[in-house]
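> Heads up: the protein sequence lines correspond to chains A and B, in order. When we follow our numbering, the leftmost residue of the first sequence carries the number 23, and every step to the right adds one. When we follow our numbering, the leftmost residue of the second sequence carries the number 2, and every step to the right adds one.
One should not assume that every hint holds.
What the hints assert, rightly or not - Under the rule of at most 27 Å between Cα atoms (straight-line distance), these lysine-lysine pairs were calculated in the DSS-like manner: (1) K196/B - K59/B; (2) K99/B - K533/A; (3) K587/A - K571/A; (4) K102/B - K154/A; (5) K103/A - K153/B; (6) K102/B - K221/A.
Said to hold, decoys possible - Some chain A residues well away from chain B (every beta-carbon gap over 10 Å; in silico): (7) K276; (8) F470; (9) N690.
Keep in mind that the hints were calculated from the coordinates and are not lab data. We put the CB at the ideal spot given by N, CA and C, even for glycine.
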Amino acid sequence: MNSKKTNRKFLLSWLIFHIGVAVLLVISYSYENGKFSLDSDLFNMMPKPFEEESLKKANETLMQRLSKVAIVLSADKDFEKAKAGAERIYEKLNGSSHFVSVMLKTDTVDIKEIADFFFKYRFDLLDDETVKAIENGGAEDFAQEAISRIYSPFTMLPLDNISSDPFMLAEHNLQKYLEVLEHSGTALRPKDGVLAAEKNGLWYVMIKTELSPAGAALASQDNGISEIYDICGKIKAETGTRCVVSGGTFHSHKSSNSASEEIKIISIISMIIVILMLTLVFRSATPIILSLISIFFSLFSAAALTFAVFGKVHLVTLVFGTSLIGSSIDYSLHYFVHASGNTNLKSGGEIRSKLLPGLTMAIISSSVCFLALIFAPFNLLKQMSLFSVTGLVSSFLTTTAVFPYVPLPKNRVVRGVGLFEKGFALAKKINGKAGICAMVVLSLILLFAFRENFGIENDLKKLYKEEGELLENEKEAYSVISYAPVSWYIVSGSDENEVLKKEEYLRERLKTIDKNGDGVMSTSVFIPSVEKQKKSRAAVEKLLPFTEKQFETLEFEGNEAENFKNTFIEAEKTLLSVASDDFPSSIKEALSSYWLGKIKDKYYSIVIPNFMAETKVFRSFVKGNEGVYFVHKVEDINSDLDKVTTIVLEFFLAAYILMFIVLRFFYNTRQSLKIISIPFIVILATSAVFAATNTRPEFFSVTGIILVFGLGLDYIIYTQENEKTKDPVEKRLEPFAIFLSFFTTIVSFGALALSSFQPVHLIGFSIFTGLCAAYLAALFYTSGDKK
Amino acid sequence: MRNFSKILLFLVAIFAISPLFPAEELTFETVCKHLAAYKNTTGEFTQIKTNALKKSLKSSGTFILTRDGVVWKTLKPVPSKVAIIDAYMITTDAKGKKTAKSMLNSDTFLKVNDIVSSLFAGNSAEINKNFKVSFKANGAEKWEAVLVPKDKTISYAITSMNMKGTFVKGSVSIFMAEIYFADGGSMSYIFEHQKHPEKLTQEELDEFKKD
Numbered sequence: 023m024n025s026k027k028t029n030r031k032f033l034l035s036w037l038i039f040h041i042g043v044a045v046l047l048v049i050s051y052s053y054e055n056g057k058f059s060l061d062s063d064l065f066n067m068m069p070k071p072f073e074e075e076s077l078k079k080a081n082e083t084l085m086q087r088l089s090k091v092a093i094v095l096s097a098d099k100d101f102e103k104a105k106a107g108a109e110r111i112y113e114k115l116n117g118s119s120h121f122v123s124v125m126l127k128t129d130t131v132d133i134k135e136i137a138d139f140f141f142k143y144r145f146d147l148l149d150d151e152t153v154k155a156i157e158n159g160g161a162e163d164f165a166q167e168a169i170s171r172i173y174s175p176f177t178m179l180p181l182d183n184i185s186s187d188p189f190m191l192a193e194h195n196l197q198k199y200l201e202v203l204e205h206s207g208t209a210l211r212p213k214d215g216v217l218a219a220e221k222n223g224l225w226y227v228m229i230k231t232e233l234s235p236a237g238a239a240l241a242s243q244d245n246g247i248s249e250i251y252d253i254c255g256k257i258k259a260e261t262g263t264r265c266v267v268s269g270g271t272f273h274s275h276k277s278s279n280s281a282s283e284e285i286k287i288i289s290i291i292s293m294i295i296v297i298l299m300l301t302l303v304f305r306s307a308t309p310i311i312l313s314l315i316s317i318f319f320s321l322f323s324a325a326a327l328t329f330a331v332f333g334k335v336h337l338v339t340l341v342f343g344t345s346l347i348g349s350s351i352d353y354s355l356h357y358f359v360h361a362s363g364n365t366n367l368k369s370g371g372e373i374r375s376k377l378l379p380g381l382t383m384a385i386i387s388s389s390v391c392f393l394a395l396i397f398a399p400f401n402l403l404k405q406m407s408l409f410s411v412t413g414l415v416s417s418f419l420t421t422t423a424v425f426p427y428v429p430l431p432k433n434r435v436v437r438g439v440g441l442f443e444k445g446f447a448l449a450k451k452i453n454g455k456a457g458i459c460a461m462v463v464l465s466l467i468l469l470f471a472f473r474e475n476f477g478i479e480n481d482l483k484k485l486y487k488e489e490g491e492l493l494e495n496e497k498e499a500y501s502v503i504s505y506a507p508v509s510w511y512i513v514s515g516s517d518e519n520e521v522l523k524k525e526e527y528l529r530e531r532l533k534t535i536d537k538n539g540d541g542v543m544s545t546s547v548f549i550p551s552v553e554k555q556k557k558s559r560a561a562v563e564k565l566l567p568f569t570e571k572q573f574e575t576l577e578f579e580g581n582e583a584e585n586f587k588n589t590f591i592e593a594e595k596t597l598l599s600v601a602s603d604d605f606p607s608s609i610k611e612a613l614s615s616y617w618l619g620k621i622k623d624k625y626y627s628i629v630i631p632n633f634m635a636e637t638k639v640f641r642s643f644v645k646g647n648e649g650v651y652f653v654h655k656v657e658d659i660n661s662d663l664d665k666v667t668t669i670v671l672e673f674f675l676a677a678y679i680l681m682f683i684v685l686r687f688f689y690n691t692r693q694s695l696k697i698i699s700i701p702f703i704v705i706l707a708t709s710a711v712f713a714a715t716n717t718r719p720e721f722f723s724v725t726g727i728i729l730v731f732g733l734g735l736d737y738i739i740y741t742q743e744n745e746k747t748k749d750p751v752e753k754r755l756e757p758f759a760i761f762l763s764f765f766t767t768i769v770s771f772g773a774l775a776l777s778s779f780q781p782v783h784l785i786g787f788s789i790f791t792g793l794c795a796a797y798l799a800a801l802f803y804t805s806g807d808k809k
Numbered sequence: 002m003r004n005f006s007k008i009l010l011f012l013v014a015i016f017a018i019s020p021l022f023p024a025e026e027l028t029f030e031t032v033c034k035h036l037a038a039y040k041n042t043t044g045e046f047t048q049i050k051t052n053a054l055k056k057s058l059k060s061s062g063t064f065i066l067t068r069d070g071v072v073w074k075t076l077k078p079v080p081s082k083v084a085i086i087d088a089y090m091i092t093t094d095a096k097g098k099k100t101a102k103s104m105l106n107s108d109t110f111l112k113v114n115d116i117v118s119s120l121f122a123g124n125s126a127e128i129n130k131n132f133k134v135s136f137k138a139n140g141a142e143k144w145e146a147v148l149v150p151k152d153k154t155i156s157y158a159i160t161s162m163n164m165k166g167t168f169v170k171g172s173v174s175i176f177m178a179e180i181y182f183a184d185g186g187s188m189s190y191i192f193e194h195q196k197h198p199e200k201l202t203q204e205e206l207d208e209f210k211k212d
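Pulled out of the complex, with its shape left as it was, chain A reads as follows:
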């Protein structure tokens, strides 16, 4: 009766947990308006710089925009063919739900719209140099130059507004604006209505696209990049015109595809090996089916809760999640080894009672380590942590709550125990203390021999290597486009004008290192601050005394001069601002790249230098310039990875101390010290293997080690628990169960180490090495006791 009650209690916990997770998933799904998504962007799995929440958000907004830009160059010896190819790509992609925008044609620029804009704000947009010249007595020269301009055969704007703009201010401002644009952006120029460039005998026509959220869903088969590759493939097959692609999103697509493929392969191989092993051991479908059910619930609840909490889950979390197959099956294996082989235990409830202390300690130790990561300031770690803990708890509950309801087999035999015992007997012969000492000494020798390779080093370039056709594409595209900004400034301010003023100050300072006059792109290039606009007006005021003469030269009769002066006074009401949104679509499009707008309580914008300089020089302009931050994508990620790695190690230390305190409640000091020595040995051995294989420990491998801390402690805990029993059958079976646990876990993590995707490979490799060290140490500790 008691046993039934206990069973029901366990089952109730199982139901509460799993139904709770499912309910949370449904609530979160409706709260997020069904917008759960799988994130496969390479940069999104890296830590984000900046402590300030709104600044972090601003940087993320920018990174998201950049990560969704995909550039396609249609390349052919013949311009017409290259253009035709580009037009086909444009027709196919434009209107597709996978793209927010697809740009090909330059003739869509509305000159009238631009002319109207420069005319409307003609008094407000004079550049510093011109303002200075007029202020210093150059007003008459400016007026005369305007007359020359009017009669010149080369004017940009129509002369329709000449009676309201006798000083050709609109033309002057447009020309200065074009001079700035000339140095900015890509090296491609308008040709026959498209942006094109000729390089090494080939014509390249550019199509710039921005992926929509649906198009950027790279984990699915149906996305924008696949659509680009599809149409490019057809064009190449039919006309020979090929596509050259560029943009981070193509790399994300490639790694995502290979990661997705790898998930499949890793899962299938792990599953096959585990099933084979279980079939050999149990010769029954029941343990296998139940273990698979446990894995299913484990993965489902892990994924469900992670999606419910985060909404968007990174693909690497799921890749890592496949390792749950190995760790969650540990609990099932322990159960079924006893269910199939321990005839002293008469019911599922008795098996649970026997296993509960060990399994509880195992889940506590694992959860403490995994949960430590949930406090790390890095979403990927938080996701991994929640995913793993949820999966393990589910697996633990299934083992302790559901399995006891399954009738025990009639023929209770576990095969392979004898074979294992032979091997185990050999291990027992080894002096445990000597074995542990040998592991430590060997590790130290290796560390000393390969000390040059020792030390934490995060290098983004090593995590993802551009290679093959995509690398060639990037090289070719860069040689044509000649534009790939890697660093920029984020400028913040309490209001729009403050941001613009800070931008202008920064641009002035940057001018001092801009030797070739390549300039800087920012919002204030298009929309000057209120102060600058007022200065411009003050300069125009100095031109007013020359108005009559101007109209006289232009042979105007009437009161144009007076009208013009009145227009100038009236125009004071029309100062230009970003908020007014009163600018041509071409400027709006440019601003969308630089103006981030209001995020939380501040306004943000981006300032991108069009020239290269040493990072430290760029960074020096931030000093004393409050609200201005320098961002170097790669360098910042590397340094942030270093910071996060250190944080992870600190969490590891905290978890280590916490674990020792927890262990002291359940074990004596000697046993606790034995258990707690495992992580130390694991770190030492893994560091030695990493040094010997010239693999620098970095963020992902350090994360792997902390996971080993959770998983690896299970072996020594089970071993210690087994020491307590006097039952010879249990004594025989438990080491075998531990071995099976180790084997299945190592199979799944070992498979991760085979991944070509560096972050996954590094996690897998460190866990593989660490688990081997943990198991060996646990084995030696046992044989040490026997001696």
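Using the hints provided, position chain B relative to the given structure of chain A.
What follows is chain B alone, placed relative to chain A:
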């Protein structure tokens, strides 16, 4: 006497054969061929700029056209000069201040420059590549050509160009050009006192100097 007879006979023979070589037909290719033969062209121009509101602005000056560049010197109402050579635009204001600007980065400018050069140099292949040409001969000595740009970048600014010229005694000249802009405005040129010297004077060459 015998010799004189021989000469006379030869001249008669020449005149007798001459109808076998008919007068050159006035076609666009003929105009181009003759324009291409000029190494340099100098002259005076009158420019009338008309905006969409039909306000006209008249200016006048001199021009020099060579195979390497062009000088556009406005004398009235305000003196100024624009010279284009080696992808540089050199502007000189009324006070003589020169500004040289490289146009190498401006494909649109280079394209327009190429087209203008091809027009004056009579490069028919280049003209036909860039324009749809409608040519009309008005009698044996006058011609008119309407050029509509094929390139979208150009056609976005210029809708058509109308050129009028003469073909007198094997000599071709353009006496009028009208450019119609997409915004509704236009620019007309009248070219007068044109000469086609083999070599430019030093003074004329100096007009192309950047500094």
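> For every hint, state whether the structure bears it out.
Structure-based check of each hint:
1. Distance hint between K196/B and K59/B is fulfilled; the C-alpha atoms sit about 23 Å from each other, no more than 27 Å.
2. Straight-line distance between C-alpha atoms of K99/B and K533/A comes to about 24 Å, which keeps the hinted pair within the 27 Å bound.
3. This hinted pair checks out: K587/A and K571/A have alpha carbons roughly 13 Å apart, not beyond 27 Å.
4. Using a Cα cut-off of 27 Å, the hinted pair K102/B and K154/A holds, with the two alpha carbons roughly 21 Å apart.
5. Distance restraint check for K103/A and K153/B: the Cα-Cα separation of roughly 16 Å lies within the 27 Å cut-off, and the hinted pair is therefore satisfied.
6. Our distance criterion of 27 Å between C-alpha atoms is met by K102/B and K221/A, whose separation comes to about 24 Å.
7. Separation of K276/A from chain B is adequate, the least Cβ-Cβ distance of about 33 Å exceeding the 10 Å criterion.
8. Listed as a non-interface residue, F470/A keeps its Cβ farther than 10 Å from every Cβ of chain B; the least gap is roughly 59 Å.
9. Distance to chain B confirms N690/A as a non-interface residue, since its nearest Cβ pair spans about 80 Å, more than 10 Å.
In this structure, none of the earlier numbered hints is contradicted; all agree with it.
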